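Protein chains in written order, with this note's numbering: chain A, 1 to 499; chain B, 1 to 106.
Bear in mind the hints are in silico, worked out from the structure with no lab data behind them.
As the structure is a prediction and not an experimental result, all values here were calculated from the model.
All residues carry an ideal CB built from backbone N, CA and C; glycine is no exception.
Incorrect hints may have been included.
Listed below are the simulated DSBU-like cross-link pairs for lysine-lysine, each with C-alpha atoms no more than 35 Å apart in a straight line [said to hold, decoys possible]: (1) A:K79 x B:K41; (2) A:K5 x B:K104; (3) B:K41 x A:K491; (4) B:K41 x A:K370; (5) B:K48 x A:K255; (6) A:K159 x A:K387; (7) A:K150 x B:K104; (8) A:K150 x B:K41.
Computed beta-carbon distance windows for the label pairs [unchecked claim]: (9) B:G72 x A:E251: 48 to 58 Å; (10) B:I43 x A:Q32: 46 to 56 Å; (11) B:D47 x A:G458: 33 to 43 Å.
Listed here are the chains, written in short residue letters.
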Amino acid sequence: MAKLKRSDWYDFTRDTNWTPKYVSEEELFPQQMCGMTDAMDDWNSYDEPYKQTYTDYVKVQREKDAGAYSVRAVLERSKMWDNAPAPWRSVLIQHYGAIPLAEYAACTAEAHMTRFSKAPGMRNMATFGCLDEMRHGQMQAYFGHEHVSKTRQADWGWKAYHTNEWASIASRHFFDDMMTTRSAVETAIGLTFAFETGFTNLQFLALAAEAGDAGDHTFASLISSVQTDEARHAQIGGPLIRHMVEAGETERAQKMLDIGLWRAWKLFGTLTGASMDYMAPVELRKHSFKEFMEEWIVGQFERQIIDVGLQKPWYWEHWMKDIGEWQHSVQIGLWFWRPTVWWDHAAGMGPAERDWLEEKYPGWNDKWGKVWDVIIRNVAAGEIEEKVMPKTLPMVCNMCQIPIASGNPGGEWSVKDYQLEQDGRLYHFCSEQCRWVFEQEPARYQGHLDLNDRFLAGEIQPPTLEGALQYMGLAPGEIGDDAERYEWIKKFTRQEKVA
Amino acid sequence: MGVDVSTYDELVNNNRVGPVLTGGPVARAVVEAVEIDNPDKEILIDDKGAYIRIECDGEMIIRQETISDVLGRDFEIQELEIYLGSFSGRIESHDDYVRFYFEKNV
Chain A
1 MAKLKRSDWY DFTRDTNWTP KYVSEEELFP QQMCGMTDAM DDWNSYDEPY KQTYTDYVKV
61 QREKDAGAYS VRAVLERSKM WDNAPAPWRS VLIQHYGAIP LAEYAACTAE AHMTRFSKAP
121 GMRNMATFGC LDEMRHGQMQ AYFGHEHVSK TRQADWGWKA YHTNEWASIA SRHFFDDMMT
181 TRSAVETAIG LTFAFETGFT NLQFLALAAE AGDAGDHTFA SLISSVQTDE ARHAQIGGPL
241 IRHMVEAGET ERAQKMLDIG LWRAWKLFGT LTGASMDYMA PVELRKHSFK EFMEEWIVGQ
301 FERQIIDVGL QKPWYWEHWM KDIGEWQHSV QIGLWFWRPT VWWDHAAGMG PAERDWLEEK
361 YPGWNDKWGK VWDVIIRNVA AGEIEEKVMP KTLPMVCNMC QIPIASGNPG GEWSVKDYQL
421 EQDGRLYHFC SEQCRWVFEQ EPARYQGHLD LNDRFLAGEI QPPTLEGALQ YMGLAPGEIG
481 DDAERYEWIK KFTRQEKVA
Chain B
1 MGVDVSTYDE LVNNNRVGPV LTGGPVARAV VEAVEIDNPD KEILIDDKGA YIRIECDGEM
61 IIRQETISDV LGRDFEIQEL EIYLGSFSGR IESHDDYVRF YFEKNV
């Protein structure tokens, strides 16, 4: 018997809409959970562009798993971890803390879209998306767990999101905002379009390219395997936006996109940006973070935004400047406050590293280089404890929860704090954009206490750096240190002696 | 550094579409298949090691039959997903081919 083509039966099996008899439509799909207005009501016309059936899904996912797990099995004895440069090990520890549990949160978000999307096509794709995210959580938690025997910091793969460590707070604040606290419509735009069609490419493909160049093929195949799922389920948002544009809801879609993009940029400019420009081995580093941003976000993703009927975000010009700057400013903060993170942050300094930075970012020496000049002088003089260790907590932004470090140091000093008074309280932001996000819905954000608020409220005891580390859940052996235990300073002192 | 953001407008204003595949024999076969299935197009290949970006202007078709021929085995178009890390443009999946395209030409 001839087999039917998939297209002959796909729509029939997918179209699971029915008219509710026992409850009202509003009870079945509450507006707050769905975010779908009457204007957008022709949901059967939503047509997902990337079609998948359950049979194919299982078959394909099995192959993907077999691929990633067999690479891991083959390379298990390669001693990659032992032979990797210390800064690269820190990239892994950072990734495994920041990502696996966020994948479980994404699973919740996909489940939300599965339940509360009125379009059968969205529900279908989100069902697979939910299974995808479960796979990502399990796989990355498992691969990362391998390193627990090498360092206690690897335990943060499970621990990070359950602590009040500042980078965890920042990640949670972003993911909760995009994934678990909005309607199905807003989630589809903020998560599947802004974040997954755009930014995950950097953390899962561009970083895989860096991993491959650094010889870490287990990690490269793991994260690129994750991204093959994203490429599919991220296609929930695009057709939804077109649906909204046709229903006259362009403004709402654009606003959500602008919020999602900016928030994703702040978090991943920090995590991925510093990893790529400072932690990957310089001699093997082919592309800068900025170049990857140009490839993935500017050349690929922004073009897709235009195609679905939206515009570049209103802060486009500022953002394009920021992709050559933010990672350098925040790198200084990440390194200086190294005891407050769960990985050993690398300075990424040395004459060759500085040459690379100057080449990729002309003018680097005159700005961030000037700050590093002072740090290098102090480290070389052995005054680490006195002069290059934090005594206080970083001042963080009331939106992104990341240290306020926008603007440039050095020659063109432009570091600035953006303020807003709201209901009798002064809020501080790292940028006009973070302040703008807050202003869109103050009630959503204003109750959140940032790390300094908690400190001032007396929640952190004793009120010292030690007390703060304890509050953040950082135990001895987990508290971040310089990734190379300051060995990199010899690259400078040796050079001076030769000169 | 004086960043000329107008250069970024040029970078956005492209019509390049196509898959970004994780490496291996299938990716190499797709490179060959794309040349066959899109004879009038100039195909751009950007090999970053962990991924290969395959692009051309406006529209790209990749047929199951062509990949099977190049690989010398039966290949189902759904298998492409195993290697499809990302793509530029929009996607349309069909029974035996996949299409990447843009609706608007800039």
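Hints, verified against the model:
no., hint, in the structure
1, A:K79 x B:K41, "45 Å, violated"
2, A:K5 x B:K104, "30 Å, holds"
3, B:K41 x A:K491, "50 Å, violated"
4, B:K41 x A:K370, "49 Å, violated"
5, B:K48 x A:K255, "34 Å, holds"
6, A:K159 x A:K387, "31 Å, holds"
7, A:K150 x B:K104, "52 Å, violated"
8, A:K150 x B:K41, "51 Å, violated"
9, B:G72 x A:E251: 48 to 58 Å, "53 Å, holds"
10, B:I43 x A:Q32: 46 to 56 Å, "48 Å, holds"
11, B:D47 x A:G458: 33 to 43 Å, "56 Å, violated"
In summary, the numbered hints that this structure violates are 1, 3, 4, 7, 8, 11.
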